[in-house]
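Protein chains in written order, with full-length UniProt numbering: chain A, 1 to 699; chain B, 1 to 699.
In short, the hints are calculated from the structure, not lab data. Heads up, the beta-carbon is just placed ideally off N, CA and C, and yes, glycines get one too. Be careful, since some hints might not be right.
Computed from the model, here is a short list of chain A residues facing chain B with C-beta under 7 angstroms [unchecked claim]:
1. T66
2. P238
3. G239
4. G243
5. I249
6. Q333
7. E424
8. V552
9. C602
10. L618
11. Y661
12. R677
13. P678
14. W680
15. I684
16. D691
Have a look at the derived ranges for each label pair, beta carbon to beta carbon [said to hold, decoys possible]:
17. A/A372 / B/G491: 34 to 42 angstroms
18. B/T499 / A/R498: 22 to 30 angstroms
19. B/T499 / A/R467: 35 to 43 angstroms
There are 2 protein chains.
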Amino acid sequence: MASVDVNFISNLPPGPLDAYRKRATFDWKQMKLFFEDAELLKVKMQLWQCLENDPIFERSLVVQPTEDMKRITALQLHNFRRYKILTPKMAKLPYKKKTRLLMTINEALAVTFPDVSVKHALGVDLFKNTLTTLGTERHQHILDAAWNGTALSCLALTEVAHGSNTKKMRTTSTYDKNTQEFVINTPDFQAAKCWVGNLGKSCTLALLFAQLYTNEQCYGLHAFVVPIRDPVTLLPYPGVTIGDMGEKIGLHGIDNGFIMFKDYRIPRENLLNRTADVTPEGEYKSSFSEPGKILAAALENLSAGRVGIMQESSNNLICAVTIAVRYAALRKQFNCKPDDDNETPIIEYQLHQWRLFPYVSAAAVFKIFISAFTNEYLSIVERSTAATKIEDFTAVVSEVHAIVSSSKPLMTWTCRDAVQECREACGGHGFLKSARFGDIRGAVDPTVTYEGDNNVLGQQASNWLLRQWEKVRHSEEDPCSPLGTCTFLKGYEEILGRTFVGTVVQDVLSLSFIHTCYEWLITYIVQETYNKQQSLVSTGKCRTEARNESQVYWASVLTRIYGEYNAFKFYCSQLATTQGSMHTVLEQLGILYGVSNLEKHCSYFYQGRFARTPEFSLLLKEGVLRACAGLKDNVVAIVDALAPPDYVINSVLGKTDGKLYENLQATFLQNPKALTRPEWWQEIVVPGAPDFKKPKCKL
Amino acid sequence: MASVDVNFISNLPPGPLDAYRKRATFDWKQMKLFFEDAELLKVKMQLWQCLENDPIFERSLVVQPTEDMKRITALQLHNFRRYKILTPKMAKLPYKKKTRLLMTINEALAVTFPDVSVKHALGVDLFKNTLTTLGTERHQHILDAAWNGTALSCLALTEVAHGSNTKKMRTTSTYDKNTQEFVINTPDFQAAKCWVGNLGKSCTLALLFAQLYTNEQCYGLHAFVVPIRDPVTLLPYPGVTIGDMGEKIGLHGIDNGFIMFKDYRIPRENLLNRTADVTPEGEYKSSFSEPGKILAAALENLSAGRVGIMQESSNNLICAVTIAVRYAALRKQFNCKPDDDNETPIIEYQLHQWRLFPYVSAAAVFKIFISAFTNEYLSIVERSTAATKIEDFTAVVSEVHAIVSSSKPLMTWTCRDAVQECREACGGHGFLKSARFGDIRGAVDPTVTYEGDNNVLGQQASNWLLRQWEKVRHSEEDPCSPLGTCTFLKGYEEILGRTFVGTVVQDVLSLSFIHTCYEWLITYIVQETYNKQQSLVSTGKCRTEARNESQVYWASVLTRIYGEYNAFKFYCSQLATTQGSMHTVLEQLGILYGVSNLEKHCSYFYQGRFARTPEFSLLLKEGVLRACAGLKDNVVAIVDALAPPDYVINSVLGKTDGKLYENLQATFLQNPKALTRPEWWQEIVVPGAPDFKKPKCKL
C-alpha cells in the first residue's frame with residue numbers, strides 16, 4: 001500500500017502519552033487509513049462536527065430523568081434528520097455506494113449518540129428499506145414522507161409472549177371484503193406488540209407484522225403500514241392503545257412502547273404487497289414475478305440491521321479499549337522493580353496486558369472484518385436485485401446469513417466482555433459515569449438479545465455448516481460456499497489427520513498456524529456435532545430434539561469458532577495489502593487475536609487428538625503472553641489509529657492529551673453542586689449530634 | 001438432620017410455577033433451613049417487615065435524579081438507624097454472636113437496599129469496628145455517638161492517583177508539638193482522598209488514613225478521626241474542601257466524595273493510638289502491649305468488609321438466578337417436539353439449563369460456604385482478641401487472609417457473570433428496570449474493584465499458597481494451614497502421580513472425584529507457578545518481576561481454583577449433616593458446581609498429564625450436561641429454598657406467584673405516564689406531516 005495523504009487527520013495534542021507514542025514503529029495516521037476509508041472517514045468527521053456544534057447534542061454531566069432523555073433524544077433525532085450530510089448528489093449514487101454512505105453516517109452517529117441512532121435506524125432507515133423491498137409503487141408517497149422527514153415509524157414485531165418464535169405471533173389482520181379493509185386485533189395482553197422503539201412517545205406510523213387472515217384462512221405473518229397516531233396532535237387513533245414501557249437499564253432515550261389493537265381498520269392497500277397481495281375480493285395471491293427483488297428483500301430484511309449492529313459493536317469495542325489502554329499507559333501503581341522509586345505504568349504489567357491487548361486485537365480484526373464484509377454484502381444485495389433466477393443467489397444468501405448469524409453474536413458478546421474488562425481495568429475511576437463505560441454498556445447490552453437473540457440466531461450458522469458437512473461427508477458433494485468460508489471442508493481427511501508437532505513458541509505465532517488450527521477445529525467440531533445429532537436421532541429423538549441436545553459444547557461452539565475464523569480470514573486478506581513496519585504490527589495483532597482465541601478452545605484440541613502432549617497448551621499460553629508483550633510499545637499508537645476523536649469517545653479517562661488527573665479534576669469540579677451543601681441538608685441533620693470540633697467535644 | 005419447625009415460613013402462592021414445584025423430590029422449607037439459620041432468618045424477616053412498612057423505603061418505578069437518590073438514601077439511612085432490630089439484650093451478647101447478628105441485618109438490608117447498606121457499613125459499622133480495634137478509651141465518647149446514631153463517618157483511604165498501593169498515599173498528618181495538634185495537608189489534587197462514600201453530602205466525621213510525620217520523620221500510614229463538617233450546618237470546616245464526585249454507573253444513592261486539606265488542625269488525641277501513639281512532646285511510640293488485640297484489629301480491618309461483600313455477593317447471586325429460573329419455567333418458546341402444538345418452557349432446553357444451572361449450584365455452594373466461613377472467621381477473631389501471644393494466631397490469620405483474598409474475587413466475579421447471563425436468559429424483558437438485573441448489576445459491579453481490586457487482592461492468596469509449597473517441597477515442613485485448606489499439599493508426590501482412568505460419565509459425577517481433581521489441580525499449578533518464578537529469578541529477574549510475570553495462566557488461576565475448592569470443601573462438610581432426598585439434591589448441586597468449574601480448567605489436566613486421552617474432556621462435558629438435566633425438575637424448588645421473599649427480590653419476572661404476564665401487564669400500566677401523551681408533544685410534531693389516516697392521504 002503506497003502511503004496516502006493523511007493531512008486531513010489532525011495531529012494529537014502533546015502530553016504524557018507521548019512517552020509511548022514515541023516508541024511506535026509505524027505512522028498511526030497511515031494505520032488509521034488502513035482501518036478506515038478516507039472518504040468515509042471524512043463523512044464521519046463532517047457529522048461529528050455538526051453534532052459538536054449543535055446545542056441540542058450538548059452532553060449533560062448530570063443524568064436526566066428518563067422522560068427528559070426521551071424528549072431530548074426525540075429532538076436530537078429531529079435535528080439530525082435536518083443535517084443533510086447526504087448531499088443530493090450522494091443520494092443519486094447507485095445502491096451500494098449510497099447504502100455504504102448511509103451506514104457510515106449511522107456508524108458515526110451510533111458511536112456518539114446511540115439512542116438517536118437506534119431511533120433513526122428503526123424509525124427511518126428500516127422503514128425505508130422495508131417499504132422499498134416489501135412495498136410497491138402504491139406506497140411511494142409514504143416512502144417519500146420517510147425520506148423528506150415528515151414520517152417517523154416503528155417496527156412492531158415482537159409480542160409480550162413471543163420474540164424468537166415469530167411464527168407464533170398472535171396479532172391478527174383480517175381482511176373484510178365489504179369495506180376492503182384489514183381489521184387488526186390483539187387477542188390479549190400476551191399478544192401486545194412490545195419493545196417497539198419510537199412507539200412509546202413519538203412515532204405516527206407502525207410497520208406491523210400480523211397474521212394475515214382472508215376468507216377465514218391464515219396466510220402467516222405479513223407486514224402492514226399502520227397509522228397509529230394523529231401527526232398533528234400525537235394522540236393515538238381510537239382503537240389503538242399505546243403505552244410506554246417505562247424504565248429500562250440502558251438506551252434511556254428510546255421510547256420503547258407496547259401497542260394493542262381492537263377492531264382497528266386500515267385500508268387494503270396498507271399491506272406491503274411485493275411478495276403477496278390480497279385482491280379487493282379477498283383472494284390471497286403470492287407474487288413471484290420479481291424473484292431477485294424478493295431475494296434481495298429477504299436478505300436485506302434478515303441482515304441489514306445485524307450488519308449495522310456489528311459495525312456499531314466494532315466501534316464500541318474500539319472506544320472501550322481506547323479508554324482502557326490510554327488509562328493503562330498513564331496510571332502508575334507499584335514498582336515493577338523494588339529498587340526503582342518511580343512507579344510503573346500499569347500497562348507494563350503482564351497481567352494487565354493480557355486483560356486488554358487481546359481485546360485491542362479483536363477491535364482491529366473486527367473493524368477490518370466488518371468493513372470488508374459490508375462491502376461484500378452490499379455487492380451481493382446489489383447483484384441479487386438484478387437477478388432473474390432465484391437459484392443463482394440462494395446459495396450466497398444462505399452463506400451470508402450463516403456469516404451474519406455467527407458474527408453478530410461473536411461481536412456483540414466480545415464487545416460486552418471487553419467493556420466490562422476495560423471498566424475493571426480502570427479500577428474505581430472506571431465506575432465514574434464520565435469514564436463512559438456505563439453508557440457504552442447500556443448501549444451494548446441489548447444488542448446481545450435483540451435483532452435475533454444471540455443464542456437462537458447462532459443456531460442458524462451451525463445448521464448451515466452441518467448441511468455443508470452432510471454434503472461433503474455423506475453426499476460426496478462440494479460444500480455450497482460461494483464466499484469460500486467453508487470450502488476447506490472438502491479436505492476433511494487431510495485436515496482431521498493433522499496433529500501438533502510444534503516445540504517452540506514461534507511455532508504457534510504465525511498466521512498460517514492459526515489458519516491450520518481453525519480449519520482443524522471447525523472440521524472436528526462440525527463432524528462431532530453431526531455425529532452427535534445422528535446418534536441422538538438413532539435413539540429415537542426427533543431432529544429438533546437432536547439439535548437442541550447438541551448445542552452445548554458442540555453446535556454453539558461451532559458457531560463461535562466459525563465466526564472467529566471468518567473475521568480472521570477477512571482480516572488476513574486485507575493484511576496482504578499492507579507492507580513495512582505497519583504490516584508487521586498488523587500481523588502481530590492478527591496473531592494475538594488468533595492465539596488468544598485458540599487458547600480458549602484448548603480442550604477440544606486434546607479431545608480430538610490434534611494435540612497429544614502438554615506442549616500444545618503450554619506453547620499457546622506462552623504464545624499469547626509473547627504476542628501481548630510484543631505489542632506493548634505499539635499499543636498506544638494502535639488505539640490512536642483505531643479511535644475516533646475525543647469528542648466522540650467522551651471519556652475523562654481516555655483523552656488524547658493524556659492529562660488524566662487534570663481532566664479528572666476538571667470533571668469533578670464541573671459537576672454542578674460538586675462543592676455546595678445539598679439543598680436538603682436540614683433533612684439529614686441529626687438533632688443533638690456532638691460537634692467534635694468544639695473544645696468540650698474534643699476527643 | 002432431623003426435620004425442624006418450618007411453620008414460620010409462609011407458603012408460596014399457588015400458580016403456574018406449581019407444575020415444576022410439584023415435581024420436587026424434597027421439602028423446600030426444610031432446604032431453606034439448611035441454607036439459612038432459622039433464628040437469623042427471623043431477624044432478616046423482621047427487618048424486611050420494617051422496610052416494607054416504612055414509606056421512605058417505597059420503591060419508585062421511575063428513576064429519580066441522582067441528587068434525589070442521594071437525599072432519599074440519606075433519609076433511609078436515618079430511619080434504618082432508628083429501627084433497633086438489635087434489641088438491648090442482643091447488644092449484650094458476646095462478640096461473635098453479636099457480630100453475626102449485625103452481619104445478618106446488613107445482609108438483609110444489602111440485598112434489598114444496597115446503597116443504604118453501603119452507607120451504613122462505611123459510616124457506622126466500619127467506623128465502630130475501627131474505633132474499637134484501633135482506637136482506645138480516649139475515643140469512647142465518639143464511639144458512643146456512632147452507636148447512638150448521632151455521628152456518621154466515612155473512610156478516607158483511596159487517593160485520586162493511588163488505590164491498591166496504599167504505601168504511596170500522599171496525604172500527610174504532621175505533628176506540631178507547640179499546639180499538640182496534627183496538621184493535615186493534601187499536597188495536590190492527585191493526593192485528594194476520593195471515592196469516599198458518605199463524604200460527598202452527608203457525613204460529619206472522617207476516618208482518615210494519612211502519613212504520620214513527627215520530628216520530621218515519616219512513620220507511615222495511620223488512622224485519624226477528623227471532624228470535617230459542622231453537624232449543625234453541615235458546612236465543611238475552614239481548611240477542608242469537600243466535593244461530591246458526581247455521577248456513577250451504579251449505587252447512585254451513595255454520595256462518594258473527594259476531600260482536600262490545607263493546614264487543617266486536629267488535636268493530638270485524634271490519632272487512633274491502639275498500635276502506636278505520639279507523645280505530647282512529639283515522640284513516636286509503638287505499643288505492643290496487647291498483641292491479641294492488634295492482631296484481631298488487623299484481621300478485622302483486613303477482612304470484615306470483604307466478608308460482608310462475600311455475603312452480599314451470595315445473596316445477589318441468589319436473586320439473579322431466582323429471577324432467571326422462575327422466568328425460564330414460565331416462558332415458553334418453540335416446541336421441543338414439532339408434533340406437539342404446545343410450546344415448551346425454555347427451562348427444558350439443554351442450552352438454557354447449561355446457561356443457568358451452574359450458577360444455581362454456585363449460589364447454593366457459596367451461600368453455605370460464606371455462612372460456614374463467617375462462623376469460623378468470627379470464632380478466630382473472638383479467640384485472637386483474648387490471645388496473649390501473637391505467634392499463636394499469625395498462622396491462622398494468614399490463612400484466613402488467603403481464603404478471603406481468593407474468595408472475594410471468585411464470588412464477586414461469579415456474581416457479576418451470573419447477573420449478566422441471567423439478564424440475557426430473560427431476553428428483552430431482562431432489560432426492563434423492573435426485572436431488577438440492572439440494579440443488581442449496579443451494586444455488584446463495584447465490588448470487583450473495591451475493598452481490594454480483585455486482580456491485586458487475589459495475589460495475596462497465591463503468594464500464601466506458594467509459601468506453603470516452598471515449605472512442603474523445599475524445606476520439608478508441613479504447610480502452615482491450621483484451617484486445613486492446603487494440608488493435602490503434604491501428599492504432593494501421590495497427588496501429582498494421579499491420572500484419570502474413568503471411562504463412563506458416572507466416573508466424573510461424584511464429590512470424591514471432584515475432590516481428587518482439585519487436589520491435583522492445585523498441587524500441579526502451585527508447583528508450576530513456583531517453578532516458573534524460580535526460573536525467572538534464575539534468569540536475573542527480581543522477585544517482584546518474577547511474581548508479575550507468573551500471574552497469567554498460573555498464579556491467578558491458582559487463586560481462582562483455591563477459592564473454588566474452599567467453597568466446595570465447606571459445602572461438602574455441611575452436606576454431611578443432611579440426609580434423605582434433600583441430601584441427594586444438595587449433593588447433585590455440589591457435583592454440578594464441581595464439574596462445571598473443572599471443565600473450564602480442562603486444558604491444565606492435559607498440560608499436567610493428569611489426562612492423556614480424549615475421555616477426560618468428553619466425560620467432563622457430558623457430566624456437566626447430565627448434572628444439569630438431573631436438577632431440572634428440582635430447580636424451581638431449589639430457588640424457592642434459596643430465595644428471599646418477593647418484596648426483597650422485587651422483580652416483575654421472578655415473583656413466586658408465577659403470573660409472569662399479569663405481573664408484566666400491571667407493571668407496564670402502573671408506570672406513570674405510560675398511556676399519556678408526553679407533555680412535550682408539541683416540540684416533536686413535524687409541521688406538514690401527512691395524516692395517512694385521512695382519505696386523501698390513503699396509502
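**Item:** Closest C-beta approach of A/G239 to chain B relative to 7 angstroms, hint status
**Value:** violated, 11 angstroms
**Prompt:** Taking the closest Cβ pair, is A/D691 under 7 angstroms from chain B?
**Reply:** holds, 5 angstroms
**Message:** Within 22 to 30 angstroms: is that where the Cβ-Cβ distance between B/T499 and A/R498 falls?
**Reply:** For A/R498 against B/T499, whose Cβ atoms are near 26 angstroms apart, the range 22 to 30 angstroms holds.
**Request:** Would you settle whether the hint for A/I249 is holds or violated, based on the nearest Cβ-Cβ distance to chain B being less than 7 angstroms?
**Result:** Status holds, d = 3 angstroms.
**Request:** Identify whether the interface hint at A/P678 stands, where standing means a beta carbon of chain B within less than 7 angstroms of its own.
**Result:** With Cβ-Cβ at 5 angstroms, under 7 angstroms, it holds.
**Message:** A closest beta-carbon separation below 7 angstroms is what the hint needs, so does A/L618 meet it against chain B?
**Reply:** holds, 6 angstroms
**Minimum beta-carbon distance criterion (7 angstroms), A/Q333 to chain B** = holds, 5 angstroms
**Message:** Under 7 angstroms is the threshold here; is the Cβ of A/Y661 close enough to any Cβ of chain B for the hint to stand?
**Reply:** holds, 5 angstroms
**Asked** Does the CB of A/T66 sit less than 7 angstroms away from some CB of chain B?
**Response** Hint holds; A/T66 Cβ to chain B Cβ min 5 angstroms, cut 7 angstroms.
**Request:** With a cut-off of 7 angstroms on the beta carbons, see whether A/I684 makes it to chain B.
**Result:** holds, 5 angstroms
**Message:** Checking hints one by one. Is A/R677 an interface residue toward chain B, by the C-beta closer than 7 angstroms rule?
**Reply:** holds, 6 angstroms
**Message:** Quick check on the hint: A/C602 CB to chain B CB, less than 7 angstroms?
**Reply:** Cβ of A/C602 sits 4 angstroms from chain B, so the hint holds.
Figure legend: structure checked against the earlier numbered hints; hints not met, in rising order: 2, 3, 17.
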